[in-house]
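Which chain is which? The protein sequence lines are A and B, in order. Be aware that the first sequence starts at 25, since it is given in our numbering, and climbs by one per residue. Be aware that the second sequence starts at 33, since it is given in our numbering, and climbs by one per residue.
The hints are simulated quantities; they were obtained by calculation from the structure and are not laboratory data. Some hints here could point you the wrong way.
Only pairs whose alpha carbons sit at most 30 Å apart, straight line, appear in this in silico DSBU-like list of lysine-lysine [unchecked claim]:
id: 1; chain 1: A; residue 1: K146; chain 2: B; residue 2: K84
id: 2; chain 1: A; residue 1: K163; chain 2: B; residue 2: K84
id: 3; chain 1: A; residue 1: K188; chain 2: A; residue 2: K136
id: 4; chain 1: A; residue 1: K216; chain 2: A; residue 2: K96
id: 5; chain 1: B; residue 1: K323; chain 2: A; residue 2: K168
id: 6; chain 1: A; residue 1: K168; chain 2: B; residue 2: K233
id: 7; chain 1: B; residue 1: K233; chain 2: A; residue 2: K133
id: 8; chain 1: A; residue 1: K216; chain 2: A; residue 2: K29
Listed here are the chains, written in short residue letters.
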Amino acid sequence: MIMIKDLNVWYRDNKILDNINLDVPRNVILTIMGPSGSGKSTLLRAINRLIEIYPGVRVEGEIYVDGVNVFKARTEDVRRNIGMVFQIPNPIPNMSIFDNVALGPKLNKLVKSESELRDIVKWALEKAYLWDEVKDRLKEPAAKLSGGQQQRLCIARALAMRPKVILMDEPTSNLDPVATNRIEELMVELKKIVTVVLVTHNPAQAARVSDYVAFLYKGRLIEVGSSSQIFTSPKNELTEKYITGRIG
Amino acid sequence: MARLIEHPLGIIMLLVISIVSVMIIFLIIQSIPILLYRGLEFLTTSSWNPVKEEYGILFALGGSVVVGLISVALGAVLSISLAVFVAEISPVRLRSIFVTLNDIGAAVPTVIYGLWGLIYLAPFLYDYVMAPLSTFLSSVLGVPSRPGTSIFTASILMAIMIVPFSSAIIREGLLSIPTHLREAIISIGATRWELIWIQIKMVKNYIIGGLLIGFGRAVGETVAVAMVVGNVIQPEFYKIFLPGYTVSSLIADQYQNAEAYTYMVSALFAASLFIFIVGLLANMVGLSMVKRR
């Protein structure tokens, strides 16, 4: 589903990502884990070309998403097909619950009628396990929701564009354990309809939800494998040190 | 209260507050005679004839409102554009230069704006805007005359003067939007202009607040307006190509002779009381909008 070939990213003179090669199969959860500063977020943001909005960033290499070379496509089209969820639950504060979810389909002109828009918003909220909690107050400001609900709203916002891939950048790091648990269950459910690339610095979370795990350290991809292989018999010493908590 | 008096800085604060309060009380007391003498006619008629002790400031109130409204409407367009340019479009490296330039605009003494307005802006507007437009709009806007001093010129000058303030407030609003929110909007496929539009809606309170503060300034500004508004008692204040008065320019223009007449001092105080209330309200509502976010 995603193919990353010889990816290098610089910020000014610093090399942030060093020759990354990574394949992500369809409908799985692949987790990129690593200590902070290892380049996880940069790698995630390279996939939807979000990293390029920052001045001083230079990207080299190839990334294919569903067969399309993202560096040859229009950035808006690339991002439309790739949903993203962030560390801090960030619905647009002055918009209603409904409008937050409807924003993507509206901007990208994915719907032809109001009823079609309502259907897609409902569908996305259902898929994000939020519909039952908000169906009677869709017009209320999104800021009124709890942190966990806001994060599920952000997942719904990403889903509403019917993307093929969803990128999640430490989506539970600002949530309590109960809300974290719900998001993790949701991720596992979501891989039926999308491919999920998750970034976390929490090896336990990676072990709970992932099909595949990639370990990133100081901008280099140290090891990739199935979740069970990485957590039971890592091939690289650094990986073992990381999952056993000796580096981090 | 006791602690305030004990601390030297507390005493200074109390002193400042009492001076302002005494000023306001003084303003109200001084306004009473003319209001008793003329009643509501003071506000609803357009006459200013000290010899006959006739005072009605509708023409000046109207001038102030027209200058305030036009300058804010025009200032809105200019200051939003400028704020968007500085916060969103200009390269980050140049941003601090633009911010400084913008803020210098707010620091220029108003008399310089006034002088520039009188010598350059008024003739320019006369030649290129008022004279051409008045050939077919003179019945609505009035027939302008050289050197172009008019309500319209004052409005344009005020728009230019409030832009540095309003745009600084709007700019700070835009810059306060967290990066992750911008990333979120971009990540759902928003183009640059869609991103800007969504952000403008997010800082709506800053925009309204910035413009209300600008309105307060436009209504209260004296020197620059007095230099370009023409200072003519003109009951048809809505004919903006004609010279006129605003309340503040009326006060600045008339105070020298005030002591010679029975009610004129009181009339000027009452006029300033109204302009003070309008300006204060605009500022207070504006500031609360900015703070509410």
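Here is what the structure says about each hint:
1. At most 30 Å may separate the alpha-carbon atoms for a hinted pair to count; A:K146 and B:K84 exceed this at roughly 74 Å.
2. A distance of roughly 62 Å separates the Cα atoms of A:K163 and B:K84; the hinted pair therefore is violated under the 30 Å criterion.
3. Among the hinted pairs, A:K188 with A:K136 is consistent with the structure: their alpha-carbon atoms are about 21 Å apart, no more than 30 Å.
4. Between A:K216 and A:K96, the direct Cα distance comes to roughly 28 Å. Compliance with the 30 Å bound is thereby established for this hinted pair.
5. Using a Cα cut-off of 30 Å, the hinted pair B:K323 and A:K168 holds, with the two alpha carbons roughly 19 Å apart.
6. Proximity of A:K168 to B:K233 is assessed by CA-CA distance (about 18 Å); at most 30 Å being required, the pair is judged to hold.
7. A distance of roughly 20 Å separates the Cα atoms of B:K233 and A:K133; the hinted pair therefore holds under the 30 Å criterion.
8. A C-alpha spacing of about 26 Å is found between A:K216 and A:K29, which places the hinted pair at or below 30 Å, so the restraint holds.
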